[in-house]
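Put the two chains together into one complex, using the hints given.
Protein sequences appear in the order of chains A and B.
The numbering of the first sequence is this note's numbering, which starts it at 823 and goes up by one.
The numbering of the second sequence is this note's numbering, which starts it at 627 and goes up by one.
Where hints are given, some of them may not hold.
Think about it this way: if two alpha-carbon atoms lie no more than 35 Å apart in a straight line, the pair counts; the simulated DSBU-like pairs of lysine-lysine are [to be verified]: (1) A:K1230 with B:K756; (2) B:K637 with B:K756; (3) A:K1212 with B:K637; (4) A:K844 with A:K861; (5) B:K637 with A:K1230; (6) A:K940 with A:K977; (7) A:K977 with B:K756; (8) B:K756 with A:K982; (9) A:K844 with A:K977.
One side only, chain B facing chain A, incomplete, derived with CB under 10 Å [said to hold, decoys possible]: (10) G684; (11) A704; (12) V890; (13) M906.
Since the hints were made in silico from the structure, they are not lab data.
The beta-carbon is built from N, C-alpha and C at its ideal position, and this holds for glycine as well.
Here are the chains, one letter per residue:
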Amino acid sequence: MPADFNWAVGGEAGDGIDSTGKIFAQALSRAGRHVFTSKDFASRIRGGYTAYKVRTSVDQVQSVVDRLDVLIALTQRTIDENLDELHDGSVIIYDGDRTTMQDVEIPEGMIGLDVPLKSLAEDAGGAIMRNVVALGAACAVSDFPIENLDSALEKRFGDKGSAIVENNKTAARKGRDYVLEEYDQEFGYDLECTDENYVLLNGDEAIGMGAIAGGCRFYAGYPITPATDVMEYLTGRIERYGGHVVQAEDELAAINLALGAARAGARSMTATSGPGIDLMAETFGLVATSETPLVICNVMRSGPSTGMPTKQEQGDLNAMLYGGHGEVPRFVLAPTTIAECFHKTVEAFNLAEKYQIPVYLTADLSLAVTEQTYPPEEFDMDAVEIDRGKVVDGETVGEWQDEQGRFKPHALTEDGVSPRAFPGTEGGVHMSTGLEHDELGRRTEDTDMRVRQVDKRTRKVETAEAREPFAAREFGDPEAATLVVSWGSNEGAMREAIDFLDDRGIDVRFLSVPYVFPRPDLTDAVEAADEVILVECNATGQFADLIEHDTLTRVTRVNKYDGVRFKADELADRITEVLADDDEKEEATP
Amino acid sequence: MSSDVRFTDFKSDAQPTWCPGCGDFGTMNGMMKALAETGNSPDETFIVAGIGCSGKIGTYMRSYALHGVHGRALPVGAGVKLANPDIEVMVAGGDGDGYSIGAGHFVHAVRRNVDMTYVVMDNRIYGLTKGQASPTSREDFETSTTPEGPQQPPVNPLALAFAASGTFIAQSFSTDAQRHAEIVKQAVEHDGFGFVNVFSPCVTFNDVDTYDYFRDSIVDLADTDHDPTNYEDARSRILDPGTEYQGVLYRDDDSVPYEQSHGVDANMADIPDGAPEDAMDLVREFY
Ligand SMILES: Cc1ncc(C[n+]2csc(CCOP(=O)(O)OP(=O)(O)O)c2C)c(N)n1
Ligand code: SF4
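The shape of chain B in the complex, shown without the other chains (with noise of 0.2 Å):
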């Protein structure tokens, strides 16, 4: 890890093509903050993308990175990072991405626990196809598919990441810049799978869901005497789907990644240019 990166350094040079004044530009804003401040390099740093508005930042990120299928992001992290724990992996997407057809994935990679960060870009919509209905939309939010509103409850993703055993649950709001990097650096720094859950508007098809109502209704956990280590205090805040949260509501400081758990160490790129030495001991295993 080389201590002179610039947060700048994991931009690329792609045009990013997002709407002006989209709230991933700050997401990722953030996520490359962090990533610098940790002191990683884009060359030990992977990325990994959903589909989606959100799943273009890998596109405009620096770093080994891989833009996936939709949904399929998570565990394409966890593969970079057992195959090589060297790498800093980081995984992004949306709210329908994570929480729609990849939520299978969302709650085991959470209960799996291996040492990544998980950013969902939360804008309560689905974007890149152009405005209908997400899991985390509001009930009576209309849209093109859903003219009344889904009628159906918002999935809350924090609970679902404390119901499968998260170690680290987080949420953060895109524009307030430095609350959201330093957020995503606790991401980081967790051992174990650090998830956060940002709110981050978008300001073509989601109205309700905007900046100001987010600036007007956000609850700064730090200015609270709210201890994320303490399992009941996080409990509590989490299953409080009334108030929006920034800040880390939980966190488990013994929490045992699942490299270490599972003696995961090796880079597994560096193989033998034949058969392990001792292979034929695996033919005499038939004898």
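Extracted from the complex, chain A is given alone in its bound form (with noise of 0.2 Å):
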């Protein structure tokens, strides 16, 4: 387990609680320490308790976990939301010249840092800063050099100017001095460097990342949280390799932009959240009949309508599997980490071309927001290769012509897969359609060409399914006889948890699913198993649902739905509470 430190910034939306969150965390990262981020905000800008936590190591970390070193509290709703995770020795950096902090209540145990956040800003040029005046403090409390600090400062404001710059590092040692010199006192920690060389990311962000590697050159969206930062990510950038992103009308208008797209021989994509993929489920169907190769990104938020908006939940699964009327195909991805939301990404348009089907790419919010540091390498970008499937130029166009000359774009082929003609393609020339159709595209209701048709497309899935290694990543001990199974980002908590259910001296087989459908065939683990639990975070149990279902296995489900991620203690808690029901029971049967 990672000697970690705890940190976090809290108070009201508008008070710039995200931004000297992030400067914090890139100041640990360019020092060469790992960081994994998480936020807690309500779904409003101004007014509501927002804060940005850190967490950080020398080694990599997945997760969050209930415990806060140091606390930068810029109210006192910050403190009492906090107070589960504060334990003694915790240190609270407050200003109580403010009014709102003047009969703050530090409680027992912890100790307070009264700094005069405001009155330092204003010394170093401005009110504003007051925020970096409490990260300096920070950093003499942490025994962190404040020159790291610097760089993130120069990252942030470098192009307001050097004086900005130099204004903020300023601040920052007003208060780092003013800890030193008012609280002459050790408080136990140490923010050892590295020279490694680290990258800090979101989900979101790796996800447009990936998109632009991946060769996807057309994105249209229509904002919402949490996947607006794909396309905010996808703007200005996807420009300069000949791309360009859409701010569509609505949803629906998003989804048929890159659709148009699609068909043009774009890599095309679009990216929503729940209340936008039921607007876009009409169309996905058109995609999926039309044999449109497309990528729809589904970053999860909590459901059903607008539920919590800013709140973690994987509760879309089976919108996203059976969502839409009638039945057709789709492959639904969803990576486990954020260095997994890069990968999938270009996985996902390879199989949308390969295999002519829209794919549902999706993280959940927790995946989406939270940032966490990796070796660049982990972003190779020389291994990235783009497989477009099928697609036919002028040469090639003729294997795929009736005797008329007229081409097949719905070929009954063994493996599923037709041909593909972009537009422009002489000889290629074709119409799609939502309705059935024969191989040439046109309208049919013959019945037997219906029944070809559905089964071309069906035949697709069992394709991938032969060629692909739609694979589980494995973690914990292989022998173990409790298996965890999961998906999304819980990965990260699991992971950690694995190591705190090896204090307790309980083993365990951890498998982690990024393909929901395909997806890999668990029965063999799920067999040899004693024990099978299933973690997600939604109230039904979806995901277990499925296996289930696949494996004619009753499994035991640990889920969350209160609008917050697993963290590493509570799901080692909740496992280690099922393996003591289980030893109840086994007691009680004589």
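What follows is the structure in structure tokens.
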């Protein structure tokens, strides 16, 4: 288990919490430390509690834990909200001059550092820098060299001019010096720095980067939390590679724009969240029947309806698997880490084009908005391969024409995959339609052709299952009697939970599944285990249903649907409870 | 673009299932003529159609085409054009398709001003669902779902386009073959979103807005002193719902299409075999 340090800044939305947290996270990352961040935010711009938490270690960190060592509290509520996570010796930095903090209550056993953030900031050039003063104070508390903060401040404010950068550096020093002078004490933290170079990014950014690397050139979307970051990332970057982002009038337009671009031959994507997926459902069917390669990214948030837009959930699995009328094959990919968001996005485009099928690429909110450090080699661009599938050109098109020279976009092939001709290809003229069609794309109600086209589309799934390595990621002890299975962002917490469990003498085998459909066959693993535990962030256990269906075995569900992601220690406790229950039952049965 | 293309090259071998006498035959012929005369070939043309009798047009024409879902053809067309600006894009649909379920897309397609052509076959009724009121149906037009008439004023599509800063707004009559083809041709040639509302009578379900009615009431702007580049002229005619105009009502010769204003000029189908050469720069941004 990494020797970690946990830090947070919290206050009212509008207090600059996000950028303060980001600067600190970046400083740590630039000092060669691993970082994992999490955000606690409400669905409004001003007002409402918000916090940015940073967990850091020299080893890689995959999750958040229930512990805070240093807290910058801009409001009393920040302290109250985090009471559970504060412990004896936790340091709370606050500004006692602030009207709302004059009667601040520092819980017993904790250390309150009253730092005049605002007035020190004013001394440095402006009250607006008071959060940076607090960061300086945090450096003093954690014995973290302030020079590391400097480079993060340069990155953050560099384009605002050197004066601003200098003022901020001064502000940070004022905070540090104040603590050193006024509170001459050891806090017991030592944030060791290394020479490693890390990059710090969130899941949405990794998806955007994967899209560009994977050849995506057209993106259409309509803003929705927590998917908007994908669009913001692509805007201003995709153009460098000849691409374009359109902010559509709604999700219906977004998916139809993306569909048009895909038919023109572009690698094309749209991203949205739950409510947008519902709106796209009709066109989704068209994408599938017209056999158009399209990547539809669903960054899940808490539903139904507008639910809790800024909270974690993995509740849209069924909507993606079964959404839309009629029956159409689709793939559902669910990256399990931020790095996987990159890799799976590249893969999603390849799968979409190789099988001419819509691919849902789904991340959950926790994966999308939290940031993690990686060595840059994790995103090895040389390893990116692009497979466009069966695209014909003027020369090969002839192989796919009928006797009258008509191109067959829906040719009945053995593997279910037909040829594709981009507009502009001589001899490839054809029509696509959402109506059932024959090999030429012409409408048909012929019973035999209907069955053959349905079978052909379904065959793509079988082909992919045979050709693609749709495997689970495995961790823990392969021989353990307890099998834990999860999907999405739970992987990080579960990987660290394995260590907590190990301390308690509990061995588990853990399978993290990044492919929802088609998915790996877990029958052998399930049969080999005494206890199978399915971990997911929804109330009903949608993934557990699938595994039970596949393996014809009952599994134990560990669900969480309060809007907050699993924490490593919490997950270890929940699994320990399940196993204790098992023991109890066993004892009770003679 | 090849110069030896004839308009029949745009005809598919599918037999239209439109009712004999349907206005859509003439509308389609004019579209094919306009495409051929502007030097386009089926290989380099993309037709997007909506749903309705009108939407079947993509089946009867020969080119790259997509027959989409009801009301959503315009965003598909824009997607095709932006992904490959070398392709000529024409979108077709009905009045229900474009002004009812697709009204939101219509307004935004107009203001987006992508260089494409939109032809609406306005028969003032829902044909394919067998005769219900459409957004352009008259206030007192009795149908199966509006036995007393819709009792709401019809939408004025020209005014909608004008209000959304349309850069080419025209109207034609499907059976006036020469004029109709000429107007669509101008829409194709326009740099930006060319919109043509076509009177395309439904002989089966609409006994009010008939060929005879249009023949008797149409005022051809060619016979007036109308100057389509004059904003005020355009405004007064477009906002005059009492007259059935034929011709180009408004044209902005300074129109800058979306592709141009947004620097979209690449054929996005052309991508490297792997990540772009300088892709590691994307990673380094996260240092
Ligand atoms: C989402 C959806 N709602 C309803 C329909 C049924 N529908 C098919 S065509 C049509 C009306 C078409 O009217 P219009 O656009 O005027 O075309 P016309 O048939 O008159 O040419 C309707 C409502 C549908 N296909 N899809
Ligand atoms: S129902 Fe009307 S619109 Fe449809 S094909 Fe017949 S005449 Fe044309």
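Here's how the hints hold up against the structure:
Between K1230 of chain A and K756 of chain B the CA atoms are separated by roughly 33 Å; this keeps the pair inside 35 Å, and the hint holds. A distance of roughly 26 Å separates the Cα atoms of K637 of chain B and K756 of chain B; the hinted pair therefore holds under the 35 Å criterion. Using a Cα cut-off of 35 Å, the hinted pair K1212 of chain A and K637 of chain B holds, with the two alpha carbons roughly 28 Å apart. As the CA atoms of K844 of chain A and K861 of chain A are separated by approximately 10 Å, the hinted pair is consistent with the 35 Å bound.
Between K637 of chain B and K1230 of chain A, the direct Cα distance comes to roughly 18 Å. Compliance with the 35 Å bound is thereby established for this hinted pair. A hinted pair counts as satisfied when its Cα atoms are at most 35 Å apart, and K940 of chain A with K977 of chain A qualifies at roughly 23 Å. In summary, the hint linking K977 of chain A to K756 of chain B is not supported, as the alpha carbons are separated by about 64 Å, beyond the 35 Å threshold. Taking the CA atoms of K756 of chain B and K982 of chain A, the gap is about 64 Å. The hint is violated against a cut of 35 Å.
About 11 Å separates the Cα atoms of K844 of chain A and K977 of chain A, which keeps this hinted pair within 35 Å; it holds. Annotation: interface hint on G684 of chain B holds; nearest CB of chain A at approximately 6 Å, less than 10 Å. Hint status for A704 of chain B: holds, given a least beta-carbon distance of 6 Å to chain A, under 10 Å. At a threshold of 10 Å, the smallest CB-CB gap from V890 of chain B to chain A is about 5 Å, leaving the interface hint in force.
Below 10 Å, beta-carbon pairs count as interface contacts, and M906 of chain B has one with chain A at about 5 Å; its hint therefore holds.
Against the hints set out earlier in the document, violations occur for numbers 7 and 8.
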